[in-house]
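Participant: Please build the complete structure, drawing on both the sequences and the hints.
If you want the building blocks of each chain, they are given just below.
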Amino acid sequence: AQSVTQPDIHITVSEGASLELRCNYSYGATPYLFWYVQSPGQGLQLLLKYFSGDTLVQGIKGFEAEFKRSQSSFNLRKPSVHWSDAAEYFCAVVLTGTASKLTFGTGTRLQVTL
Amino acid sequence: EAQVTQNPRYLITVTGKKLTVTCSQNMNHEYMSWYRQDPGLGLRQIYYSMNVEVTDKGDVPEGYKVSRKEKRNFPLILESPSPNQTSLYFCASSRTGEDEQYFGPGTRLTVT
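First to last, the protein sequences are chains A and B. Under the numbering used here, read the first sequence as residues 1 to 114, first letter to last. Under the numbering used here, read the second sequence as residues 1 to 112, first letter to last.
Among the hints, erroneous ones may be present.
[What the hints assert, rightly or not] Below, simulated EDC-like cross-link-like pairs (lysine to aspartate or glutamate); rule was C-alpha separation at most 16 Å, straight line:
#: 1; chain 1: A; residue 1: Lys61; chain 2: A; residue 2: Glu20
#: 2; chain 1: A; residue 1: Lys101; chain 2: B; residue 2: Asp56
#: 3; chain 1: A; residue 1: Lys49; chain 2: B; residue 2: Asp99
#: 4; chain 1: A; residue 1: Lys49; chain 2: B; residue 2: Glu98
#: 5; chain 1: A; residue 1: Lys49; chain 2: B; residue 2: Glu100
#: 6; chain 1: A; residue 1: Lys101; chain 2: B; residue 2: Asp99
#: 7; chain 1: A; residue 1: Lys49; chain 2: A; residue 2: Glu66
#: 8; chain 1: A; residue 1: Lys101; chain 2: B; residue 2: Asp59
#: 9; chain 1: A; residue 1: Lys101; chain 2: B; residue 2: Glu30
#: 10; chain 1: A; residue 1: Lys101; chain 2: B; residue 2: Glu100
#: 11; chain 1: B; residue 1: Lys69; chain 2: B; residue 2: Asp56
#: 12; chain 1: A; residue 1: Lys101; chain 2: B; residue 2: Glu98
#: 13; chain 1: B; residue 1: Lys71; chain 2: B; residue 2: Glu30
FYI, nobody ran anything at the bench for these hints, they're computed from the structure.
Facilitator: Given below as structure tokens:
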């Protein structure tokens, strides 16, 4: 069955440090890939998406993600974290050409220390 | 302003009392979907709709109903709510099922 794995439930980084959040998927074909962020008490906001082309994609708020087909991964990165980045981050995939079911990972909660 | 709205935002109810959570979008999107969010489980899809009058089950449809009579509205109906449906619910819409989804602010439901 198709699945999305975010192996880190909770990550703590210092403000100004770099960040990498991991995401792996198990699909037979390359899906469309997304990262969403959920701030406390808020809905979900799209950070970035990958459909095709350049495997390094830029998003909002200084985030980027790299699609690696050989590793079935789509890790999210930010060179320097700000305190306002504290939130929960969700990786999501949809298999192209299907009935368009968006599958989410279980999320990674990011805590930023000052 | 382009948005997805949900009502109510908070709801406390009792077991067995039918309720409806409304969802509306103003972006003329074809695709709409409902999710529930539970700690440690992420978001799981309840139902989705590719277009008016076309709906289909997601991963956790049991105990829920939906309808899509108009493009902009996609209400979620709980005919006989139970405590295990206590959760945070999100409605979302997109141009197509493969495009980025826009989420509503969420509805926190408590069933006692």
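Participant: Next, verify each hint and record whether it holds.
Facilitator: Going through the hints against the structure:
no.: 1; hint: Lys61/A / Glu20/A; in the structure: holds, 14 Å
no.: 2; hint: Lys101/A / Asp56/B; in the structure: holds, 10 Å
no.: 3; hint: Lys49/A / Asp99/B; in the structure: holds, 9 Å
no.: 4; hint: Lys49/A / Glu98/B; in the structure: holds, 11 Å
no.: 5; hint: Lys49/A / Glu100/B; in the structure: holds, 8 Å
no.: 6; hint: Lys101/A / Asp99/B; in the structure: holds, 11 Å
no.: 7; hint: Lys49/A / Glu66/A; in the structure: holds, 10 Å
no.: 8; hint: Lys101/A / Asp59/B; in the structure: holds, 9 Å
no.: 9; hint: Lys101/A / Glu30/B; in the structure: holds, 14 Å
no.: 10; hint: Lys101/A / Glu100/B; in the structure: holds, 12 Å
no.: 11; hint: Lys69/B / Asp56/B; in the structure: holds, 14 Å
no.: 12; hint: Lys101/A / Glu98/B; in the structure: holds, 8 Å
no.: 13; hint: Lys71/B / Glu30/B; in the structure: holds, 7 Å
Violated hints: none; the structure is consistent with every hint.
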